[in-house]
Amino acid sequence: MGRWSRQLLTLPPTIYLLIFFAIPTVIMLFASFRFPGDYGGLAPWYSIEDGSYAFDLTWENWQRLFESTIYLELFVKSLGYAVITTAICLLLGYPLALMVSRSEKKRRDLLLLLIILPFWSNFLVRIYAWMIIFSPTGALTMAVNSLLDLFGIAPVSLMYSPTAVIVCMVYVHLPFMVLPLYANLEKHDPALLDAASDLGASGWQRFWRVTWPLSLPGVYAGSILVFIPVLGMFAIPDLLGGTNAIMIGNVIKQQFIESRDWPFGSVLSIMLTIATIALVWLGTRSGHRVKHG
Amino acid sequence: MLEIRGISKKFGDFEALKGVDLHIGAGEFFTLLGPSGCGKTTLLRMIAGFEAPDSGEILLEGKDMVGTPPEQRPVHTVFQNYALFPHMTVAQNIAFPLQMARVQADEIDARVQQALDNVHLPDKAGAYPAALSGGQRQRIAIARALVKRPRLLLLDEPLSALDAKMREQMQIELINLQKEVGITFIYVTHDQGEALALSHRIAVMNQGKIAQLDQPAQLYNHPNSRFVADFIGQCNLLEATVTDSDRHHADLELHHIGPVRVSLAPAVTVTKGQRCLLTLRPEKIRIARNLHALVDETHFCGKIHDTLYLGDVTVYKVELAQGILLEALLANSGNHASERFAVGDSVEVAWNSSAGHLIAEP
Ligand SMILES: Nc1ncnc2c1ncn2[C@@H]1O[C@H](COP(=O)(O)OP(=O)(O)O)[C@@H](O)[C@H]1O
Ligand SMILES: [Mg+2]
Chain S
0 MGRWSRQLLT
10 LPPTIYLLIF
20 FAIPTVIMLF
30 ASFRFPGDYG
40 GLAPWYSIED
50 GSYAFDLTWE
60 NWQRLFESTI
70 YLELFVKSLG
80 YAVITTAICL
90 LLGYPLALMV
100 SRSEKKRRDL
110 LLLLIILPFW
120 SNFLVRIYAW
130 MIIFSPTGAL
140 TMAVNSLLDL
150 FGIAPVSLMY
160 SPTAVIVCMV
170 YVHLPFMVLP
180 LYANLEKHDP
190 ALLDAASDLG
200 ASGWQRFWRV
210 TWPLSLPGVY
220 AGSILVFIPV
230 LGMFAIPDLL
240 GGTNAIMIGN
250 VIKQQFIESR
260 DWPFGSVLSI
270 MLTIATIALV
280 WLGTRSGHRV
290 KHG
Chain G
0 MLEIRGISKK
10 FGDFEALKGV
20 DLHIGAGEFF
30 TLLGPSGCGK
40 TTLLRMIAGF
50 EAPDSGEILL
60 EGKDMVGTPP
70 EQRPVHTVFQ
80 NYALFPHMTV
90 AQNIAFPLQM
100 ARVQADEIDA
110 RVQQALDNVH
120 LPDKAGAYPA
130 ALSGGQRQRI
140 AIARALVKRP
150 RLLLLDEPLS
160 ALDAKMREQM
170 QIELINLQKE
180 VGITFIYVTH
190 DQGEALALSH
200 RIAVMNQGKI
210 AQLDQPAQLY
220 NHPNSRFVAD
230 FIGQCNLLEA
240 TVTDSDRHHA
250 DLELHHIGPV
260 RVSLAPAVTV
270 TKGQRCLLTL
280 RPEKIRIARN
290 LHALVDETHF
300 CGKIHDTLYL
310 GDVTVYKVEL
320 AQGILLEALL
330 ANSGNHASER
340 FAVGDSVEVA
350 WNSSAGHLIA
360 EP
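Protein sequences, first through last, are from chains S and G. Residue numbering for the first sequence follows numbering that gives the first Met the number 0, starting at 0 and increasing by one per position. Residue numbering for the second sequence follows numbering that gives the first Met the number 0, starting at 0 and increasing by one per position.
Only chain S is shown next, with the shape it has when bound in the complex (with noise of 0.2 Å):
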C-alpha cells in the first residue's frame, strides 16, 4: 500500500476524533478562560475600548479550583463511588458472564438477551423505577426497616443515600461489563480447562491459573466501560442521592445550568476529561504488565 492511500485509510477517524473530540475540547479550554455572561452563557472575550482592542480574558476560573479542596474532595468521592461501582460490577458481572458462557448454545442467546433488555426501556425510565423502589413507604424499606426494627435498630431510609446511588449505578451499567467479559470468555478453549485438570488442578487452581488470567482484556474492557461514564455520571446522584451523594458531574451540571457559570463548568469538565485520560492511560500500562508477564 501506497503511502498515500495508508494516509487516506486514517483519515475518517481522524476527522472523526477532530470534531467530536479534539475541537469541543479546545472550545472547552477557550471557555475556561473567560467569564460568565450576565445571564448565562459567556461573555465576550474582547471589548473595544477608546478604538483598541483588549482582551477579556483571567485565571479566575482556575484559582477558584485550587483555592479550597473542597473540588478535589469531590474528584475523589466520585473517583470512590466510580471504584466501588466496578468493583461490584466485576463480583457480579464475572459469574454472570462465565454462566452464560459455559452454558449451551441454545440458552445462551437468550440469556444475553435477558442481559440487554433493559436497554429497551428509556435510563432516566428506569432510575424513576429505583426511585419507586427505594421510596420510604416502598415495598423494599418497609421490609428493611421491620427486619431492623426486630433488632432494636432505629428505621433508615434507603432513598437519597450513597447505597441508592451505587446500587442504582451498579444496576445500569452491569450489562456494560458482562457483555466485554462474555465476549472474552467465549472464546477460551475448553480444552484448557481439560489440560490443567489432566495436569492435577482443582477447580479453583483452574480458575485462578488459567480461566482468570486468560480473562484479564475482557476483566480491563468492562471495568473502562463502567468506571468512564459512572465517572462523569449525574442524573443517578441527582435523582437518587439528594443532597448526601454529590458527585462531579452534579457539580459540573450545576455550574452550566443553575449557576450559570459556563467558564468554571468547564474548568471542571476539562479536569475530568484529564482524570479520566490519566486514569484509563495508568490503567493500560498495569494490564499490559500483567499481560507481558
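Watch out, some of these pointers could steer you wrong.
Under 7 Å between C-beta atoms, here's a sample of chain G residues computed to sit facing chain S [said to hold, decoys possible]:
| no. | residue |
| --- | --- |
| 1 | 47 |
| 2 | 51 |
| 3 | 69 |
| 4 | 70 |
| 5 | 76 |
| 6 | 82 |
| 7 | 95 |
| 8 | 100 |
Hints listed in this document are in silico derivations from the structure and should not be mistaken for laboratory results. All C-beta atoms, glycine included, are put in the ideal place defined by N, C-alpha and C.
Following the hints, put chain G with the ligands in place on chain S, whose structure we already have.
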C-alpha cells in the same frame, strides 16, 4: 497395568462404546486405531477421567478409577491441539503439573530443564507457545505431560496437525522417547500407517467395539474381518466358497475367477461349502506378461484396467473377470523397466498359497 472391562457409553440414543474390554501391559506402546467417530477419543477421555462410563470398570494397577476426577489420576494426556496455556511461557507450562503437585521450586526448575532436554528444546524455556512451530508445540505438550512421570500417557491424534515430513520425524522421536522413559503409552490415531509404525499392539475399533487386537504384523497379515483387512493397508478382497479343506490348507472356488489353494493360519478353520473372503495384499502378487508359475503358486490371466504411477511403486488394477479387479504393486526399482504395462495389456498374475489370508465370513 490398565484393565478395561465391559465399558459402555451412550450419548443420548447414540451408543459411542458398546462393551469394550482391554488389557494393557506396563511399558507398552498401545494404539487405538479406527475411523473417525468410532469412539477412540471417548474411550481415551474415560481413561483420563473426563467422561464416566455408563457401565464397566477401569482398573489402573488394580484400583478402580471410575469416580476419581482427572486431577487425581496418575494419567496425563497430550491433547490433539496441544492445549498449551497461551499466557504462560514454555517453562511455566511444563512447571504447571509440578506446581499443582507442590514440588519445591528449585526442584521444579531442574525438572523443567531436564524435560526440555528430553524433547531437544533446551533453549525454548522463555518462549510463549504462540512463538513456536507446530512440531515444537507438540514436543512441549509431550514434555509437559511427562514431567510428573505419570503411570500412563494418553495421546489423542498428537501428530495429525503436522505436515508429512514432520510427522515421520516425530514418530521416530516418540518411539525413542517411549523406550527411554518406559512409561505406558496409549496412542489414538485414525492413520493405520502411523499405528503400524509406532505400536507394540493395536486395537482396531469400529462403531464403538474392538474389531481386532493384535501386533502390527499380525493385524496386517491376518486380519479377522473384512473391516480390518480393508482399513489396514490396501487389500484385495475376493469372495470364495470352500470346496475342500484340511487342517493346513483349503481349496477354494473364487467366484467368477476359478479354483485356488491357500494355506490356513492356525486360528482359521473352515468347512466345506462355507462362503469366505480371500484377502490378498497387492505387494504379494506377482505380475508379468508371461509368468512361469512356481510351485505352490496359483496364476490367472487378466487385462490391465488402470495404472497408477506413485513414484516408488506403480499400482496396476488387473481385471480377472467381468467387474472383478485385482490390485498388484510393482516396485519401480529399475529392474522392471521392461515390464511396464499399459491399459488393455494382457498380463498374468500369480501368488503363493501362503500369501492369501482367509476370513470366514458369516
Ligand atoms: N459429548 C458428546 N455428546 C454427544 N455425542 C458425542 C459426545 N462425544 C462424542 N460423541 C459422539 O460419539 C462418537 C464417537 O466420538 P469420538 O470418541 O470423538 O470418536 P473418534 O475419536 O473415534 O473420532 C461420535 O459420533 C461423536 O459424535
Ligand atoms: Mg477423536
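Closer than 7 Å between Cβ atoms is the bar; does residue 51 of chain G clear it against chain S? Give me holds or violated.
violated (14 Å)
Chain S contact restraint on residue 69 of chain G - CB to CB distance below 7 Å:
holds (5 Å)
Status of the residue 76 of chain G interface restraint (C-beta, 7 Å, chain S):
Given a least distance of 5 Å, the restraint on residue 76 of chain G holds.
Restraint check, 7 Å cut-off on beta carbons, for residue 70 of chain G near chain S:
holds (5 Å)
Per-residue hint verdict: residue 82 of chain G, partner chain S, C-beta under 7 Å:
holds (4 Å)
Interface hint outcome for residue 47 of chain G [beta carbon to chain S under 7 Å]
Cβ of residue 47 of chain G sits 6 Å from chain S, so the hint holds.
Close enough to count: is the Cβ of residue 100 of chain G nearer than 7 Å to one in chain S?
holds (6 Å)
Min Cβ distance, residue 95 of chain G to chain S: is it shorter than 7 Å?
holds (6 Å)
Violated hints amount to a single one, hint 2; each of the other numbered hints is respected by the structure.
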